[in-house]
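K.L.:
The numbering of the sequence shown is the numbering used here, which starts it at 5 and goes up by one.
Source of the hints: derived by calculation from the structure; they are not laboratory data.
For clarity, every value in this text was computed on a predicted model and none was experimentally measured.
Treat the hints loosely; a few may be bogus.
What the hints assert, rightly or not - Using C-beta positions, here's what the derived DEER-type ranges look like:
#	residue 1	residue 2	range
1	Ala236	Ile72	47 to 55 angstroms
2	Arg92	Leu149	30 to 38 angstroms
3	Lys225	His129	17 to 25 angstroms
4	Gln15	Leu232	39 to 47 angstroms
5	Gly169	Ser47	41 to 49 angstroms
6	Ile26	Asp88	17 to 25 angstroms
Beta carbons are placed, not taken as given, at the ideal position from N, Cα and C, and that holds for glycine.
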Amino acid sequence: MIAFILRRLAQAVGVLLAVGFIAFSLFTYIGDPINAMVGQDTSMEDRQELRKKLGLDDPAPLQFVRFIGNAATGRFGLSYRTSDPVGRLILEKLPATLELSFCAALFAVGAGVPLGVYTGLYPRHWTSRALQAVSLVGISLPTFLIGIMLILFFAVILNVLPSFGRGDTVTFGWWTSGFFTWSGLKALILPSITLGLFQLTLIMRLVRSEMLEVMRTDYIKFARARGLSNRAINFGHALKNTLVPVITITGLQLGAIIAFAIVTETVFAWPGMGQLFVQSVQFADIPVMAAYLLLVSLFFVVINMIVDLLYFVVDPRLRGLGAAAAGRH
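Please model the entire structure based on the sequences and the hints provided.
P.N.:
Below, the structure is given as structure tokens:
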């Protein structure tokens with residue numbers, strides 16, 4: 005187990021270094037940062053002095069090592085657009101994105117798994133067929149169109165939910181939360197459904213297909229022959245054996261929710277990292293883009309490590325393989 009964790013940590017460091025190199029390349033090969041930081045009337049001497057002060061005349065490997073060292077301590081330089089520290093901009097936007105992603109993931113997993121179990125256990129029932137048909141909406145329609153339709157129905161026609169913004173928030177240190185105000189909770193509903201609908205349908209269909217396959221296996225038939233109750237068979241045996249692929253897909257989708265919240269945040273004017281990234285692209289704000297890239301890759305790496313560790317919890321075969329490998333050594 006410890007060897008597995010150390011191996012995964014080494015792989016994670018390698019992935020982060022590769023992403024760090026891509027982010028560093030943004031600084032080095034896309035435009036001249038000096039032109040973005042100074043005005044047109046700045047003299048060549050002043051430009052050269054600033055270039056030397058920032059270390060841009062140093063060899064590329066030395067600049068890369070310095071960039072990784074600064075990124076590891078949360079220092080990503082100054083924004084070209086606002087001249088504020090990038091780390092502070094990210095921290096200001098991070099709570100909004102994480103709260104939105106958490107609610108979207110909760111909606112996707114909380115509804116997707118039960119619906120998948122139900123449609124897997126009763127595949128011929130009319131409600132299962134209806135859920136399958138409705139799930140095509142979540143798979144087929146693009147996210148921005150779903151968001152616009154929800155805004156039209158719930159905000160414009162019914163006028164029961166807000167169409168943009170985060171509502172009132174409560175501040176705890178550097179963290180601002182909308183969980184503790186009524187307007188903040190109402191503002192979370194439509195963006196969370198928009199962001200989580202695709203993942204919900206994906207999880208539902210995956211759980212359904214796994215349940216259908218597991219229910220046809222011999223050990224389920226033997227369990228019925230032993231007289232076990234339907235509840236014990238469905239949830240104690242069948243559902244447990246569908247969890248490994250479900251955990252894999254769910255983990256990857258959680259990373260995707262954080263990374264691709266850009267569209268949802270743009271549609272609902274949600275003040276998160278996605279909106280910050282879109283503004284950075286418009287102004288070619290390379291430091292913010294690089295910080296966003298590194299942060300999202302860190303989320304993916306951490307989530308994948310958690311998924312790998314969960315394998316050991318839900319799949320006894322992996323624990324057996326780990327023990328056998330340790331015995332050989």
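K.L.:
Compare the structure with the hints numbered earlier in the document and write down the numbers of the violated ones, lowest to highest.
P.N.:
none
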